[in-house]
Amino acid sequence: PLDFFKKVFKLCIKPFRLVKRYLKNRTNKSLEQKRKYIQENGYDVLEETLNLLNSIDDVKAYADFGTMLGIVRERALLKHDLDMDIGVLGKKGLHNYVTFVLERNGYKLWREYIFDDRIVEQSYHYKNIKVDINYYEYSDNGVMTWLFYRNPEKKYKNNVRDIVRMDYSMIDSLKTVNI
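Position one of the sequence shown corresponds to residue 201 (my numbering), numbered consecutively onward.
Please note: incorrect hints may appear among the correct ones.
[Unchecked claim] Beta-carbon label-pair distances, calculated as ranges: (1) S230 / K260: 29 to 37 angstroms; (2) Q233 / R365: 30 to 38 angstroms; (3) Y349 / V259: 23 to 31 angstroms; (4) L269 / S323: 17 to 25 angstroms; (5) M366 / G293: 14 to 22 angstroms; (6) V259 / P352: 31 to 39 angstroms; (7) S230 / Y338: 22 to 30 angstroms; (8) G293 / Q233: 30 to 38 angstroms; (9) R273 / E232: 20 to 28 angstroms; (10) D257 / K279: 16 to 24 angstroms; (11) V259 / S230: 26 to 34 angstroms.
Treat the hints as calculated values from the structure; they're not laboratory data.
In this text, a Cβ means the ideal position worked out from N, Cα and C, and glycines have one as well.
Required output: the full structure, derived from the provided sequences and hints.
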């Protein structure tokens, strides 16, 4: 009887392992493809997005988070990056203008992150690249934005994330870096 259960167990587990291996390979290929798109088209998408956003009155748009890190530290887009990060500072309700301008130019809104009944981040897809727009707000001592993340030690329901407020001193000017 024990041999019978071992055989049944092996028969059940083997397909599961094959499916798991298939999904892992598929995920790895998808990540590789995203990285390839960033390396091939990232500069153009970044320039085009910044130009569109900076064409909106009273808006400062700039490379942010991982995108800025690569540009400043390595003078290149990070090889492992999967998206473009853009910070936007401007008037209240700015996301309405951003959505209008980007969608009019072929960007597809994918996800909005809402905190305290306001949109604080949006994700778009454009030319096979995910473009994250992080909205900055003026605060008492400078500017602030919100960072959404998933703690690998926690289990989450659906699209739930943890959030942390990121405070920065006032952005006085932007610097152009040639890469």
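22 to 30 angstroms was suggested as the range; check whether the CB atoms of S230 and Y338 agree with it. Cβ of S230 to Cβ of Y338: about 38 angstroms, so the range 22 to 30 angstroms is violated.
Take the C-beta atom of Y349 and the C-beta atom of V259, compute their distance, and say whether it sits inside 23 to 31 angstroms. For Y349 and V259 the Cβ distance comes to about 26 angstroms; the hint holds.
Confirm or reject the claim that G293 and Q233 have a C-beta distance inside 30 to 38 angstroms. For G293 and Q233 the Cβ distance comes to about 36 angstroms; the hint holds.
Taking 14 to 22 angstroms as the hint, is the beta-carbon distance of M366 and G293 inside that range? This hint holds: roughly 21 angstroms between Cβ atoms.
The hint says 16 to 24 angstroms between D257 and K279; measuring C-beta to C-beta, is that right? 36 angstroms, violated
Beta-carbon spacing of L269 to S323 - inside the hinted bounds 17 to 25 angstroms or not: 19 angstroms, holds
Cβ-Cβ distance between R273 and E232: within 20 to 28 angstroms? 23 angstroms, holds
Can the suggested window of 31 to 39 angstroms be confirmed for the beta-carbon pair V259 and P352? 35 angstroms, holds
Using the Cβ atoms, figure out if S230 sits within 29 to 37 angstroms of K260. Holds: the Cβ-Cβ distance is about 33 angstroms, inside 29 to 37 angstroms.
26 to 34 angstroms was suggested as the range; check whether the CB atoms of V259 and S230 agree with it. For V259 and S230 the Cβ distance comes to about 33 angstroms; the hint holds.
Confirm or reject the claim that Q233 and R365 have a C-beta distance inside 30 to 38 angstroms. 34 angstroms, holds
Going through the hint list in order, the structure does not satisfy hints 7 and 10.
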